[in-house]
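Per this note's numbering, the sequence shown starts with residue 132, numbered consecutively.
Please note: incorrect hints may appear among the correct ones.
DEER-style ranges, computed between Cβ atoms [as the list claims (entries may be wrong)]:
| id | residue 1 | residue 2 | range |
| --- | --- | --- | --- |
| 1 | Lys194 | His235 | 16 to 24 angstroms |
| 2 | Arg183 | Gln135 | 30 to 38 angstroms |
| 3 | Thr244 | Asn184 | 27 to 35 angstroms |
| 4 | Thr244 | Arg174 | 29 to 37 angstroms |
| 5 | Asp191 | Leu141 | 24 to 32 angstroms |
| 6 | Ser200 | Gly145 | 17 to 25 angstroms |
What the hints contain is simulated information worked out from the structure, not anything from laboratory work.
Just so it is clear, CB atoms sit at the ideal spot from N, CA and C, and this is done for glycine as well.
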Amino acid sequence: VQLQASGGGLVQAGGSLTLSCAASGSTSIVDYLGWYRRTGGRRRELVAQISRNEITTYADAVKGRFTISRGNTKNTVALQMNSLKPEDTAVYFCNAEDVAGDRHFWGTGTLVTVSS
Numbered sequence: 132v133q134l135q136a137s138g139g140g141l142v143q144a145g146g147s148l149t150l151s152c153a154a155s156g157s158t159s160i161v162d163y164l165g166w167y168r169r170t171g172g173r174r175r176e177l178v179a180q181i182s183r184n185e186i187t188t189y190a191d192a193v194k195g196r197f198t199i200s201r202g203n204t205k206n207t208v209a210l211q212m213n214s215l216k217p218e219d220t221a222v223y224f225c226n227a228e229d230v231a232g233d234r235h236f237w238g239t240g241t242l243v244t245v246s247s
C-alpha cells in the first residue's frame with residue numbers, strides 16, 4: 132500500500148488547513164486510514180483515524196477542532212483542521228492499517244506550522 136499525502140503549510144493560530152491522502156496498491160487490505168503527528172524528538176502520536184465503516188477516533192487534543200473523513204472510494208482520507216493552535220505544529224503522517232491490525236503503512240510526512 133502506498134500513501135500520497137498533500138496539504139500542510141504555514142497558518143496563523145485560529146486558522147484552518149486541510150490534509151489529504153490517497154492510498155494506492157493493495158488497498159483492499161486496508162481498514163483504517165488516519166493521521167499521526169510527530170513533534171521534535173517525540174514518538175508519533177495518533178491524531179485521528181477512520182475505519183472503512185467510518186468509525187472515527189480522535190486524540191483528545193483535537194476533538195471538536197479536527198474532522199476526519201473518507202472518500203467515496205474509501206481510498207482517500209482528509210483531515211480538516213480548524214482553530215489551529217501553535218501546539219498543533221508538527222510533521223503529520225498519513226497512515227493505513229490493515230484489516231488484521233498488524234501492519235501499518237506510512238506516507239511521507241507533511242509539515243504543519245501554526246504561528247502565534
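Hints, verified against the model:
{"no.": "1", "hint": "Lys194 x His235: 16 to 24 angstroms", "in the structure": "holds (23 angstroms)"}
{"no.": "2", "hint": "Arg183 x Gln135: 30 to 38 angstroms", "in the structure": "violated (19 angstroms)"}
{"no.": "3", "hint": "Thr244 x Asn184: 27 to 35 angstroms", "in the structure": "holds (34 angstroms)"}
{"no.": "4", "hint": "Thr244 x Arg174: 29 to 37 angstroms", "in the structure": "violated (20 angstroms)"}
{"no.": "5", "hint": "Asp191 x Leu141: 24 to 32 angstroms", "in the structure": "holds (25 angstroms)"}
{"no.": "6", "hint": "Ser200 x Gly145: 17 to 25 angstroms", "in the structure": "holds (22 angstroms)"}
Comparing the model with each numbered hint stated earlier shows that hints 2 and 4 do not hold.
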